[in-house]
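If you read the sequences in order, they're chains A and B.
Sequential numbering from 1 applies to the first sequence in the numbering used here.
Sequential numbering from 1001 applies to the second sequence in the numbering used here.
These aren't lab readings, by the way, just hints derived from the structure by calculation.
Listed below are several chain A residues computed to face chain B (Cβ distance under 8 Å; list not exhaustive): (1) G190; (2) E191; (3) S193; (4) Y267; (5) Q308; (6) D311; (7) A313; (8) D316.
No residue lacks a Cβ here, since even glycine has one placed at the ideal position from N, Cα and C.
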Amino acid sequence: MTILVRGAAPLGGEATDVLIDDGVIVEIGTGLSGDHTVEAEGLVLLPGLVDLHTHLREPGREDAETIASGSAAAALGGFTAVHAMANTDPVADNAEIVELVARRGLQVGLVDVRPVGAVSKGLAGETLAEIGNMARSSAAVRVFSDDGRCVHDSRLMRRALEYVKPFDAVIAQHAQDPRLADSAACAHEGEVSGRLGLPGWPAVAEESIVARDVMLADHTGSRLHVCHVSTAGTVEVLRWAKARGIAVTAEVTPHHLLLTCDLLAGYDPVFKVNPPLRPSTDVMALREALADGTIDAVATDHAPHAAQDKDHAFGDAAFGMLGLQTALGVVAQTMVLPGLLDWAGVADRMSVRPAAIGRVPGHGRAIEVGAPANLTLVDPAAEWTVDPARLASKSRNTPFAGLTLPAPVVATMLRGRLTVAGGALAEAVLA
Amino acid sequence: MKNLLSAGDLDRDEAIAILDTAVRMHSVQTREVKKLPPLRGRTVVNLFFEDSTRTRSSFEIAGKWLSADVINVSAKGSSVSKGESLRDTVLTVAALGVDALVVRHPASGAVARIASWVDCRVINAGDGTHEHPTQALLDAYTLRGRLGDLADRHVTIVGDITHSRVARSNVLLLRTLGARVTLVAPPTLMPSGVASWPCETGWDLDAVLSGKAFGDVDAVMMLRVQRERMNGGYFPTEREYATAYGLSAERLDLLGESVPVLHPGPMNRGLEISSAAADSARSVVLDQVQAGVSVRMAVLYRLLAGAEEAGV
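From just these sequences and the hints, can you work out the full model?
Okay, structure coming up:
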């Protein structure tokens, strides 16, 4: 059976028809016909989005999220591949767990679930996890991260960068010097934290680690990826490192592109995230850096939490916010509407580059004949309002509740199969 | 006024009204029979997630002298570790039929959070390193007793400002009452962003107390150095702290005879305050304790009996 996507504008360019057969784009042109037609006039066609940073919570915290519910949220958000972070219980620090996660993702079949392996055993930051076994497993792990915990020991970080070379893998660092921002640190250190009496998380705790790590990446000649960049200072370090030719890439979250630390005034833990929300000067620097490519990718850091882990005082509540279903809308709001990125730019930062960083086969490809049909259709003229109760995640901790966002996802296609149609999960997939 | 969460919630009229009510409450303390009837049948729960003998006792006596039924609930040990959410803990207590919750919690903002979940009145009895509004009220009460109107009076607060809820509430309330505030601390204990606060700041205690830095000082408030800060690397040794920031006998001499010395207690004698200062005629530490009961009676009265009946 062939599928025809009729009248969509690839990357926001000129409208055309795209014909898909057996999961692959077979023809692009006008006046095409197929067995099944997806009407897409007025819609923008993007390569399926790829998330470098997702917490699916399975195994361990299936009350907060499962691979099934997280995959649904991802597909509805326009994603065709996600990287499942390693901080599960048990930790994804061995081949068995990463294979389990990948296999479960395949069973669910809504997005390609790419497990991230831990850098250190048990995320303890002491000895290397079985990186080689995870890379050589059927899950073919290419991204290693102790996300949530910084690999702060310089020697361990150096060894990790060296060790992943044979696998063409990347170390994704959560940059937080634990001596400058300990586990209690929960608010950007500045005027707001001082006034509210919340333990400060200073920008320098991120920047000093990134500065060290780019030098280690230079020294080892290995690939470094900086997770959820949150400060203008980090952007400057990245700019310098890239100019020097160091193999560093970086991501920014949608929430760091839109929200500021002023939101902490009411002490609502829905705004508690790590790294913390920063002042608007940082937000503007992050937008600029994403626009000029200093920051390579948008990554959600989708972090579902059960209500009982958020219904605490700010300092006691869990870090993290939902992100998969709102990511594209926030990027459209903060980058496309102000003219900082066009749709080709969105495709580059949310699909092409993240797929390249994660070495994800078949994703982030140009929309051309012969490419796997991993595609997303977006309505650039429409709006939608975020209703936490209607999100597919098992958790409700979105900081965007009640916000009206542009560019809803209309359809998502994984290897030629519609996972989302008409803005809802495709029936065939649910059955 | 429904709740008292921050000293910043009080405008000048409201603050003055509480302080004036407290004066009337104070007169009751000199009577042989101290009990007044206005909160008969009302239930006040002291919900303390952190140990406190002084503040809890003060609220307990204040409630009892107004004839409220006062119950102390110690919820120490974070609900996080018990697997229960703070919300569950609080809703359970509130469901007992409570008219007011007096809450102390080790986390900043916890009391505001709690107030968003319950219908009863909520009073902040200290939340983390954020605020302690009734402490600021009792300090203002004490200062008014010594200095009269606080407009344009210069109050210096000395010590660990970063971790002090007393300092935050005092800066807000003293400004509302028209006073000038100067904060003195080593740079490691000065909060980030303090430059945007409505006060002056300095590192040199002698320059401030002598009046050379910001003009003559009308009152000095010494903050307690918490035990856990002493080993936190904020200053080299207790000896060095006492040398630079303690209110020694010599520093006491820099102050005018009528300048009151306040301390929220408990005092570390020999560290932030010398015995010479603590026991001098300028010390108003025990006045503060007495004022605490009067001010808390006034707050409970105004929240629970309503301002319209303010005829005691």
